[in-house]
Amino acid sequence: MNILIAHIAVPAITTLVMMFARTQKQVRAVAASGMTLQLLLSLILLYLFLQERAAGNEAVVLFTQSYFWYPSLGISFDIGVDGIAVAMILLTSIVIFTGIFASWEVEKLYKEFFISLIVLATGVYGFFVSLDLFVLFLFFELAVIPMYLLIGIWGSGPKEYAAMKLTLMLMGGSALLVVGILGVYFTADVEGLRTFNILALGQQHVPIEMQRIFFPMLFIGFGVIGALFPFHTWSPDGHSSAPTAVSMLHAGVLMKLGGYGCLKVAIFLLPEAANEMSWIFLILTSISVIYGALATVVQTDLKYINAYSSVSHCGLVLFAILMLNKTSSTGAVLQMISHGLMTALFFALIGMLYSRTKTRIITEMGGLMKVLPFLSVCYVIGGLASLGLPGLSGFVAEMTIFVGAFEHEDLFHRVATIIAVSSIVVTAVYILRVVGMLLMGPIKSEAYNNFPKAKWFEKIATISLITGILVIGLTPLWLSNMIRDSLGLIVDKLVLK
Amino acid sequence: MRHEWTLIGSLLILLVLELNFTDEGKTKSIPSAAILFALVTLSGFLPSQSGTLFGGMYVTDPLRILMKNILNLGVLIVFLQSGSWLRAKNNYNRITEFYLLMLSSVIGVSFMISAGNFLMFYLGLELLTIPIAAAASYEQYKSKSAEAGIKLILSAAFASALLLFGLSMLYGATGSMYFSKMIVTADVLHVLGFVFFFSGLAFKISVVPFHLWTADVYEGSPTNVTSYLSVVSKGAAIFVFVLLSVTLFETIRQVWQPVIYGTAIFTMTIGNLFAIRQQNLKRFLAFSSIAQAGFILLGVIGGTALAMASVIYFVLVYVFSNLAAFGVVIAIEQYSGKININDYNGLYHTNPRLSLAMMLALFSLAGIPPLAGFFGKFFLFTAAAESGYYVLLFIAVANAVVSLYYYLLVVKAMFVNKNESPIKYFHSDYPTRIALSACVVGILVIGFYSPIFEFIKQLCLSSL
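Line by line, the protein sequences give chains A and B. In terms of this note's numbering, the first sequence is numbered consecutively and its last residue is 497. In terms of this note's numbering, the second sequence is numbered consecutively and its last residue is 464.
Only chain A is shown next, with the shape it has when bound in the complex (with noise of 0.2 Å):
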């Protein structure tokens, strides 16, 4: 069987499985199981992908597969991939398998959680195998929706509001993206047979104002779930009210949908358009990252903390993307990753401090570095990251971003990434101030002295996405050159014109 097929069908089959499980212990064995299993495949595909590359196998996708579908409207279940959608596979992959540990101890309506959850995992994994725009899509809304579920019945604090405003705002840019997708499908000049096949529309060319129209449709509509000012909003407010294991693969992988998409279908497909209007979005994509940046700073909720410091670092994923040349892009797909394991780390341990503490404001907490040594040190590697100390992931990420970005030697372009590096600054302000009120100090309370130490499902999830930053930040050229070398035919195509 095809190993991408493999990489539906297991959260598939898990669902089903699950479906017949009835102890909390049944459901739980079965998630964790079949998302073990899903992450060996992920780390089989990778170890694949590299033999192939290193075999010489130089084609721009790998391991295809195609059926068709509807033949007639050029619709055809395409599958394939190339390094960006490995090494993103394999981040959701984590997150998906941590998330399972995260959320352990769900005891409202368990296996509907735990179902929903891998629905959504599912609907991520289609989203990055296929190569066809109709099944891309349909991937995308199915990853969106039972975000609704999630959040609505087993968030926190203003859950209905929230769930609500994400539901719609990202089902709001899947409505421009259907006008996006529908457009090019239409426009772009070919003889005979229309086909939503991306490979296949790459190579044909949009009239340049049909791309005016359609290029900021589809930017837009992967830009909101990308946090794309001013689309944000759902972002602070969703990830704060949703459960654990939902913040983690939402901040960790579905905001990363957006950059991707705008990435592989906005600007490969509509490249004109994207070299005549990035200094819109180059706008927008700085005020991100710096109010972002800002407006964590004044948060004392620790998910609104998280949430905001998203916004800023997802901003800089477009922002990188935005800068359409081959090493920033490079960053921001290693942005993407980085920040996906990280905020992924952040969550979790949110979620394990908030299980003991019972109260998520910074300031009613303190020393929780003599109690809990295990999370509390992990949540200082997670800062560290985030602030981009070298060695860890997030540095590497932000120097191949930034590097990228002054290859640009125009004032606009230089401006734009001095207030964007300045943002650096700022998270350096917000990650020390959390982690000097949250684990250092006093301790607060006597009660704190009975908190139960991390427990072993914790220890898996803290551990595995450490691991993950470590390796990315010690040994990043192996990842760098394999996103590198997949950004050949859409950079090629700006710098073509």
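FYI, nobody ran anything at the bench for these hints, they're computed from the structure.
Some but not every residue of chain A turned toward chain B, in silico, with C-beta under 10 Å: (1) Phe68; (2) Leu109; (3) Gly123; (4) Phe134; (5) Phe137; (6) Leu138; (7) Val144; (8) Ile145; (9) Thr167; (10) Leu168; (11) Ala175; (12) Leu177; (13) Val179; (14) Phe186.
Where is the CB? At the ideal position from N, CA and C, for every residue including glycine.
Assemble the complex: chain A is given as a structure, and chain B must be docked to it using the hints.
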């Protein structure tokens, strides 16, 4: 002619059977009607020939047969869902009448779709409407039901008058009532005739501004009749319009396209905005069905094979999705008498299967993948984009998001909201369960099984 013959046959059989039922055995007509109609539906799928009858008054071809089959499926589901309601004490004495009225109406549907002449079309239309008006006031002990019947018959009469007026103009201008012999041009009289004709038909589809009867009639009628109205009667009118728009009115495309353009926008928007405010689920589904009609017009406007296919396909999907939603409403109304969205609070905890069916139905109506509604809507959008109506498409997708909001409100009630005394767990009868399961299977499978769409598209291509 097979559809019509089998329908008339089963109507007569039912009439004779009824004579032999004792007073205690009146409920026997429920299974008999269901079985007879299942046979009718099945026989519709057997291969049959195309041709014309009565000197061109009656036309049949594979496309029309497919349309009838789709609507028959809907009627079959309605029949299966109405058993427990008919068994109630108040309706006990008039069980067979319900089926006779419905069957007459379905005969009307068949003749209307197969019409080759405006007279035949008009006969079919009236035969479709009048029995339904009687069925709408079936629960005559409820004032609302009687009111619904009167409202339906009055607005239908008004619509018929408009339609006949239009037909008389078209006849006067072209000198014929046969579709094949009429040549419609952009002449004033022709256009005026078309506009009146369209208005009459728009009543049936409940296109804004001809939708005002919809919510009241849907609310007052027995829910089984409502589901028939919202699916079968609406679907039949849409089918006829699709057929005529690419044949008879093909020549005045530039006239009807702007008309559809405007009405589509208003229908979607107004249907959606009113649906948001509804508490009563029947009114809610009424406005949602108005909005859905607006989406269907997106497919009608293109006038290509793809557009036709997308409309027919969407109606097929809509039959399953809407009837699943109505099925749940009927089951709950029958058990508890409750019909408001608030009453559904916490339903998932007591009746998980019904809630899941309802959720799938609503998500399918909203166009969420991987359910059939997603494919149906996407193809409608594709049809609109194919003809270059990007602005219309944009308004439509914005409306789709709005519609998601109110569908989610119901999902939220069932899954998220808390309730001290939710509707208790109950078993619905087997026919209802079969109908609901069939709908759910349809919702889950139709989209993935692409040969259905390809088949419809082939038929449309060959009929153009």
